[in-house]
Amino acid sequence: MKELWARFPEYLSAHLELSLAALAIAAAVAVPLGVWLGRRPRAAPALLALAGALQTIPSLALLAFMVPALAALGLVTSRLFGFEVRAIGYGPALAALTLYGVLPILQNTVAGLRGVDPACREAARGVGMTPRQQLWRVEIPLALPVMVAGLRTAAVWVVGTATLSTPVGAASLGNYIFSGLQTRNYAAVSLGCVSAAGLAFVLDRAIGLVERGVRERRRALTATAAGLLVALGVTAALANVRSAEAARPIVIGAKTFTEQYILSDLLADFLERDAGLPTRPLQSLGSTVLFDALRSGEVDVYVDYTGTLWANVLKGRGAPGTRAALLDEVRRRLQAEQGVTVAAALGFENTYALAMRADRARSLGIATLSDLAAHAPELEIGADYEFLARPEWQALVGTYGFAFRRASSMDPSLMYQAVADGQVDVISAFSTDGRLAALGLTALRDDRGVIPPYDAVVLVGPRLARERPDVVRKLGGLEGRIDAETMRELNRDVDQEGRTPAEVARAWLDTLR
Amino acid sequence: MIELERVSKRYGDVVAVDDLSLRVADGELLVLLGGSGCGKTTTLKMVNRLIEPSGGRIAIGGRDTSGVPGPELRRRIGYCFQQVGLFPHLSVADNVGVTPQLLGWDAARVRARVDELLELVDLPPDRYRDRVPAALSGGQQQRVGLARALAANPEVLLMDEPFGALDPLTRDLLQERFQEIRHRLGITTLFVTHDVAEALRLGDRIAVLDVGRLVQLGTPRELLLAPASEAVARLMDTPRRQAEQLEALLRAPAAEAD
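As you go down the protein sequences, you meet chains G and S in turn. Numbering of the first sequence is given in my numbering, commencing with residue 1 and proceeding in unit increments. Numbering of the second sequence is given in my numbering, commencing with residue 1001 and proceeding in unit increments.
This is chain G alone, in the form it adopts within the complex:
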């Protein structure tokens, strides 16, 4: 728990700053737009429909889409104006959350202005107000309660959705939820959920109090509530500025599964304790987001796998060759084509494997993937989100001709339990996953050698490799230090024993010293 709370101020202030900034921009866009629409009843339905359509895009997808969108924008701006737009982290999260916040504010601004008594509008004109005076002295004050209700809705939505900005690399209370779900740390999940809900509640109430103060002309109440909001914003911004001003730490990335959390904590601990270098975690990122972040310098170090790099980054075709040959080729081509350094091969492989309950496989007489193909039409496969879209799966289907009765994607944290409980028959497992042994599962042999080798390699981004060759050398010390059995044990300690990735990483490093 202590370890959880250690990052609380950072996550909370980041979450708050992100949410307040998105709300402020959304209001700055939506209110004038709503006023404009309020005066153009014919344009209103079309624009409201567009804003409504944006709202129906699943929030996670909208956030993820902002990454390539900002990257494309960055290409344009760097060519035209000579500055880069950061495609991961704060930027895409802010852009997506702002879009989310616009709709309720826009809708309520339009509805609030439309709800103003026509007699009041006529009187406002009749006493000699200009259109601007009619708006500021009569229409906006009368529409204010409805507009504020929209702002409050937006606040709750934005604070809630901000928890999903973790995978695009913006820190938030969602970091607790994402890493907690993957490592079965339900205390972390609860902390993330409860504190995000609490934050939404506080913001909603504070905005409501400002509105009540204005409506009832209670200056003290207005000032207190507005002061509270401003103080929250300033505190969050200062906290974030302070952390940005501290000596630039080495940013260590992680994808969204247990092994990645352990390895990223392990690398951080290794660099901090053994080399005295400050580090900062950036966890729960999508696979391709993470590599792009490494190349652009937003992440400095993370662990990836040769097979993944070969297929997704180097666009390799045909047979990848042996483990050693692939490692050599990946090392050489990453350096030459991407400027990315392979600092160490950790010594284990984490390949994709199709796994079944051992007893079930025995009773059906399945030991290899060829055996599995014969039974596939009676069986159901469950896979993580990526797997069914990956080239490995295409290659497996192409070679073995799998035709499963049903294939469904599910969260990797649920997949293993699902096959153990018999809800699906086969899963796409990771060969180092501790749950394979723990739940009595068996990985089927790839008898025709379709799945490429997946050596775990520590990658170092171009900037860090250039500025700190000593860090690259230091990381080289991990070469070959973790074998597959060790990695399985570390994973099992987290997944089955309920220890935190940081504890497990530290304990293993202690055995090294």
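It should be emphasised that the hints constitute simulated quantities derived from the structure, not laboratory data. Backbone N, C-alpha and C fix where the C-beta goes; we use that ideal spot for every residue, glycine too. A couple of the hints might just be wrong.
As the list claims (entries may be wrong) - Simulated DEER-style distance windows between Cβ atoms: (1) 1108/S with 52/G: 49 to 57 angstroms; (2) 1019/S with 40/G: 27 to 35 angstroms; (3) 1169/S with 212/G: 33 to 41 angstroms; (4) 118/G with 1233/S: 34 to 42 angstroms; (5) 40/G with 1104/S: 26 to 34 angstroms; (6) 1180/S with 145/G: 55 to 63 angstroms; (7) 1233/S with 145/G: 49 to 57 angstroms; (8) 1253/S with 145/G: 55 to 63 angstroms; (9) 40/G with 1103/S: 26 to 34 angstroms.
Chain G is fixed; fit chain S onto it per the hints.
Only chain S this time, still in chain G's reference frame:
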């Protein structure tokens, strides 16, 4: 003085007001009388340009209104209408003082003027100044509406069925009170109504309109004695018919009442 010269208003092919010429003399109250859709409200609103005329010329005090920006024009014209349209978020004092404020009067002068007007419409300022409109009865709201219309010493006053939504007793009281105020201030007024009795009671002269055209213009007495058409005669006769029905009821056998 309000002058309308060959004024018209068209909405596409529909003619709401057709070639209308009228003159309201200084200090006079002219009633525009007619049924719904006769163009009386449209005519009234063209005077303060809440509605822009399609053709013709309107002058107030001899000055053409078309050259003056609408808001500036309306600050010189009192405007009072049936729904009153008090601003619910402002106090009674702020409602009454709105036009003087728009004209840039200083706060003390606005306050003095507000109190003066609240006295005029029989709402003691000490009790009513700081109330909100929602805390007032319909009749009190209309009094505040009248005070607001008169606040900036307007050259002319436009009233659109101002007493139409009030109960009969309140209406009667306000009509009487308004007549006193108007005579005291000597303000030139254009007054729209469809209530013949009200027109007869308040109007110095009455203009009867039908589908956007002027049918007859004259004093109440002229209209009663020499209606220009059968329709005007029937219209002007309505109060008398109602009075006769009343008398008939009173003469009915007393047994029925027991």
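Worksheet entry | Numbered hints the structure breaks, given as an ascending list | 6
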